[in-house]
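Q: Sequence:
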Amino acid sequence: MIAVKKAGIVKDRAATEARILNAARAVFARRGYDAAGLREIAEVAEANLSLISRYFGGKEGLLTALTEQFVASRREGKLSYPPQDTLEDEIYRYLHEKLRDDLKDEDIVRLIVSRAAIDVEFREKGRVHSDGLADENFRIRVRRLQDNGKVSPDINIDLLFAGVMHVSFSVNFFGAIVAGRPDTEIDALFHGFAAALAQGFPVRH
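1 is the number of the first residue of the sequence shown in our numbering; add one for each residue after it.
Worth flagging that the hints you see were computed from the coordinates, not collected in a lab. The beta carbon of each residue, even a glycine, is placed where N, CA and C say it ideally should be. Warning: the hint list may mix true and false statements.
Calculated lysine-lysine pairs in the BS3-like style (CA-CA distance at most 30 Å, straight line) [as the list claims (entries may be wrong)]:
{"id": "1", "residue 1": "LYS59", "residue 2": "LYS125"}
{"id": "2", "residue 1": "LYS78", "residue 2": "LYS150"}
{"id": "3", "residue 1": "LYS59", "residue 2": "LYS104"}
{"id": "4", "residue 1": "LYS98", "residue 2": "LYS150"}
{"id": "5", "residue 1": "LYS104", "residue 2": "LYS125"}
{"id": "6", "residue 1": "LYS59", "residue 2": "LYS98"}
{"id": "7", "residue 1": "LYS125", "residue 2": "LYS78"}
{"id": "8", "residue 1": "LYS78", "residue 2": "LYS104"}
{"id": "9", "residue 1": "LYS125", "residue 2": "LYS98"}
{"id": "10", "residue 1": "LYS78", "residue 2": "LYS98"}
Quick list of the computed label-pair ranges, beta carbon to beta carbon [unchecked claim]:
{"id": "11", "residue 1": "PRO83", "residue 2": "GLY163", "range": "17 to 23 Å"}
{"id": "12", "residue 1": "GLY37", "residue 2": "ARG139", "range": "41 to 47 Å"}
{"id": "13", "residue 1": "GLY77", "residue 2": "ASN48", "range": "32 to 38 Å"}
Kindly generate the complete structure, drawing on both the sequences and the hints.
A: See the structure below:
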């Protein structure tokens with residue numbers, strides 16, 4: 001009976017935390033991080049104000065939790081498109097996949113980038129998530145191409161991935177989200193960068 005009660009408490013807390021995080025995300029997006037208030041977040045979440053401090057430690061803790069949630073979501077699941085026959089095509093499709101993800105989460109992307117630009121402490125904490133290693137899905141795809149003799153076995157996958165992500169951030173944030181460039185232009189940029197990155201590393205033909 002006690003175990004069942006404890007399980008119910010844990011479940012209720014998880015549900016409350018989820019509501020608070022969803023509310024924080026909505027309020028941050030609407031008002032901006034600095035103008036957002038904990039009382040409004042609590043009201044939107046339909047939760048007691050004191051629970052925000054208890055569960056997250058305040059507004060900074062909410063931002064940290066949202067960032068960790070965002071990073072974790074990007075490392076889970078599988079790619080939605082089938083394996084490609086060339087490195088160039090794989091990079092091109094991967095870039096479009098990341099664009100779709102960023103547009104879906106545009107509010108949190110804007111929040112994280114804007115805070116990282118002006119908040120040194122937040123930026124330093126963010127480095128914990130930057131391990132410099134390739135996404136496992138991307139690594140698997142490149143290794144598949146290596147196994148098929150399409151990519152040199154000595155290619156530095158982590159370095160290649162770093163290049164892909166630099167392109168992804170620049171085009172997605174500054175091109176698509178901030179500037180609202182047309183889809184045809186974004187697609188042309190992805191084609192060009194995919195070709196350049198693929199040709200810039202040892203590839204078998």
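Q: Give a verdict on every hint.
A: Hint check:
no.: 1; hint: LYS59 to LYS125; verdict: holds (15 Å)
no.: 2; hint: LYS78 to LYS150; verdict: holds (22 Å)
no.: 3; hint: LYS59 to LYS104; verdict: holds (23 Å)
no.: 4; hint: LYS98 to LYS150; verdict: holds (23 Å)
no.: 5; hint: LYS104 to LYS125; verdict: holds (24 Å)
no.: 6; hint: LYS59 to LYS98; verdict: holds (28 Å)
no.: 7; hint: LYS125 to LYS78; verdict: holds (27 Å)
no.: 8; hint: LYS78 to LYS104; verdict: holds (16 Å)
no.: 9; hint: LYS125 to LYS98; verdict: holds (23 Å)
no.: 10; hint: LYS78 to LYS98; verdict: holds (12 Å)
no.: 11; hint: PRO83 to GLY163: 17 to 23 Å; verdict: holds (20 Å)
no.: 12; hint: GLY37 to ARG139: 41 to 47 Å; verdict: holds (42 Å)
no.: 13; hint: GLY77 to ASN48: 32 to 38 Å; verdict: holds (33 Å)
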